[in-house]
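Undergrad: The chain contents come next:
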Amino acid sequence: MKNIKILGSGCANCRNTYALVEAVAKEKNVAVSIDKVEDFPSIAAYGVMSTPGVVIDGTVVHSGGVPSREKVESWF
Amino acid sequence: MSEVSVSPAQRTKSSVFGWTGVLVLASFAWIAIYSHLTDFADAVIGALGLTRNTRLGEAIHFFSYDTPKVLMLLIGIVFVMGIVQTFFVPERTRALLTGKRLGIGNVLAATLGIVTPFCSCSAVPLFIGFLSAGVPLGVTFSFLISAPMVNEVALVLLFGMFGWKVAGLYLALGLLVAIVSGLVIGALGMERHLEDWVRALQTGEAHPPNGVSMSWVERFESGWAHVRQIVGKVFPYLLAGIGLGAAIHGYVPEDFMASLMGHDAWWAVPVAVVLGVPMYSNAAGIVPVIEALIGKGAALGTVLAFMMAVIALSAPEMIILRKVLKPRLIAIFAGVVAAGILMVGYVFNAVF
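So the protein sequences, as listed, match chains A and B.
Using our numbering, the first residue of the first sequence is number 1181, and each one after it goes up by one.
Using our numbering, the first residue of the second sequence is number 1243, and each one after it goes up by one.
A portion of the hints provided could be inaccurate.
In silico PhoX-like links for lysine-lysine, alpha-carbon gap of 25 Å or less [stated by the list, open to error]:
id : chain 1 : residue 1 : chain 2 : residue 2
1  : A       : K1251     : A       : K1185
2  : B       : K1342     : A       : K1216
3  : B       : K1565     : A       : K1185
4  : A       : K1182     : A       : K1208
5  : B       : K1475     : A       : K1216
6  : A       : K1216     : A       : K1185
7  : A       : K1185     : A       : K1206
8  : A       : K1216     : A       : K1206
9  : B       : K1475     : A       : K1251
Over the 12 Å line for every Cβ pair with chain A, so calculated as not near, a few chain B residues [said to hold, decoys possible]:
id : residue
10 : T1293
11 : C1361
12 : P1367
13 : A1467
14 : I1562
Here are the simulated distance ranges between beta carbons [said to hold, decoys possible]:
id : chain 1 : residue 1 : chain 2 : residue 2 : range
15 : B       : A1271     : A       : N1183     : 34 to 40 Å
16 : B       : K1475     : A       : E1218     : 41 to 47 Å
17 : A       : I1236     : B       : A1271     : 31 to 37 Å
Think of the hints as simulated: they come from the structure by calculation, not from any bench.
Ideal Cβ positions, reconstructed from N, Cα and C, are used throughout, including at glycine.
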C-alpha cells in the first residue's frame, strides 16, 4: 500500500491537491493511505520549499502548485 | 477500433506549432481589442441612454473601460510571467543565492523575488529552505520582502493605470526597500531571534530543481495554468476594487481627497502606512481604488505608500512568520520595511 503525504499549511492549493490525489487513487483502484502534513518543521524536513508538496513512500515527487492530473496519474 | 499511433516527438512538434499559432492569433486579437476599449465603454453608456456628463454615466463608463482593460493586461502579463517563472523555481533561486556576499546577495535576492513563483503559504518553507542552504538571513529577507510586493499583478496594473514611469518607479523603489531592509536586518545580526527549531534544523536531501528540463509546451501550459489561477483568484477583488473606484470616480467631488491625502498633508504618508500594515489585499483590488482616489486629488506617493503597506506587510503574513521568527525579529522586519515604505511615499510625493 502506498503511503502518501500531502505537504501544505492549509491553503486552497493544498486542499485541491489532496482531493485530486485521493480521486485519482480511487479511480485507479490503488490502495493508499493519505496524510496531510501541515506543521512547518516536518515540511521543512523533507526539503520542500514550495507547497503543496507530495511525498510517496518517503520520496518527494512534486512540489509547488497543484500537480496536473497527468502527473498524478503517472504516480500510480 | 484501431488507434493511430503518433510518435511522442511528432506529437510535441505539432503541439508547439499549435500553441505558437494560437498565441500569434491571440496577440493580434488582444491588440485590436485593447485599442478600442474607450469605444466599447462609450457604446455601453450609449446603449444605456446615459452620457458622461452625469455621475452615473461617468461611473459606468469608468467601470466598462477599466474592467476589460485590466483583465486584458492581467491575462497578457500573467501568462508571460507564468512562463518566466518556470525558469526560476525556488530550488534554482536558492542555488543562485547560496554563498553570495552581503550586498550583491541582497540585490540578486530582491531581483529574483520578482520572477520566482511565490505563494504566501509557501513563505515559511521557502524561508527555511533558503536559510538551511546557507543563504544569509538578510539576503533571505530581501527576497521575502520583494516577492509579494513587486509582483507582476501590481506592476501591470500600475502600468495600465498610470503609465510606465509610475510602474517603473514602483519597481525600482520596491527593490530598493527590499534590498536596504534586507541589508539592515542582516547587519543587525538577528540570527539568534529565529525560532529554536529553525536553527536546529537539518533539512533532508534538497529536492532537485524540476523546472530545468521542461519542454516549451509544458511551459506554455504552465503559463496558462498560472493565468487561470491568478485571474480566478484576483477577479472578485478586482471587480470590487473597480466598482469602488467607479463609485468614487462618479460620486466623490473633485479635489475632495486633496485635503485628506493631498500633497500638503505631510502627515498623510505615515497615516497611510499605519493604516495599510494591518490590512491585507492583493494588488488587483487596491489599484483601481487608488486610481480613483488620485483622480480626486490624493497625492500619488501617499496612495502608493498605502498600497505597498497593504501588500508587503499584512497581519496574516506576520502570523505565519511567527512560526519561524521570534517576536522581536518580526517587529524589526515590519519596522524596517514600514520605514522604507514611508520614505518611498515621501519621495514619490516630492517627484510627482
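Undergrad: Take the hints in turn and mark each one as holding or not.
TA: Okay, the hints, checked on the actual structure:
1. In summary, the hint linking K1251(A) to K1185(A) is supported, as the alpha carbons are separated by about 16 Å, within the 25 Å threshold.
2. The suggested pairing of K1342(B) with K1216(A) is violated, with an alpha-carbon distance near 35 Å, which exceeds 25 Å.
3. Distance check on the hinted pair: K1565(B) and K1185(A) sit about 21 Å apart at the alpha-carbon level, within 25 Å; holds.
4. For a cut-off of 25 Å, the pair hint linking K1182(A) to K1208(A) stands: about 13 Å separates their Cα positions.
5. Restraint check: the Cα-Cα separation between K1475(B) and K1216(A) comes to about 24 Å, which is no more than 25 Å; the hinted pair holds.
6. The straight-line distance between the Cα atoms of K1216(A) and K1185(A) is roughly 6 Å, inside the 25 Å bound, and the hint therefore holds.
7. Our distance criterion of 25 Å between C-alpha atoms is met by K1185(A) and K1206(A), whose separation comes to about 16 Å.
8. With a C-alpha separation of about 17 Å, the suggested pairing of K1216(A) with K1206(A) holds against the 25 Å cut-off.
9. Note on K1475(B) and K1251(A): the hinted pairing holds, with a Cα-Cα distance of about 23 Å set against a maximum of 25 Å.
10. With a cut of 12 Å on Cβ distances, T1293(B) stays outside the contact zone with chain A, its closest approach being about 43 Å.
11. Distance check on C1361(B): its Cβ comes as close as 7 Å (rounded) to a Cβ of chain A, failing to clear the 12 Å threshold; non-interface status is violated.
12. Under the 12 Å C-beta cut-off, the non-interface status given to P1367(B) relative to chain A is violated; the minimum distance is some 5 Å.
13. For A1467(B), the non-interface assignment is contradicted: its Cβ lies about 8 Å from the closest Cβ of chain A, within the 12 Å cut-off.
14. The Cβ of I1562(B) sits about 8 Å from the closest Cβ of chain A, inside the 12 Å cut-off, so the non-interface label is violated.
15. One distance hint, 34 to 40 Å for the beta-carbon pair A1271(B) and N1183(A), is violated here, with the actual separation near 48 Å.
16. For K1475(B) and E1218(A), the Cβ-Cβ distance of about 21 Å falls outside the hinted range of 41 to 47 Å, so the restraint is violated.
17. With their beta carbons about 42 Å apart, I1236(A) and A1271(B) fall outside the hinted range of 31 to 37 Å.
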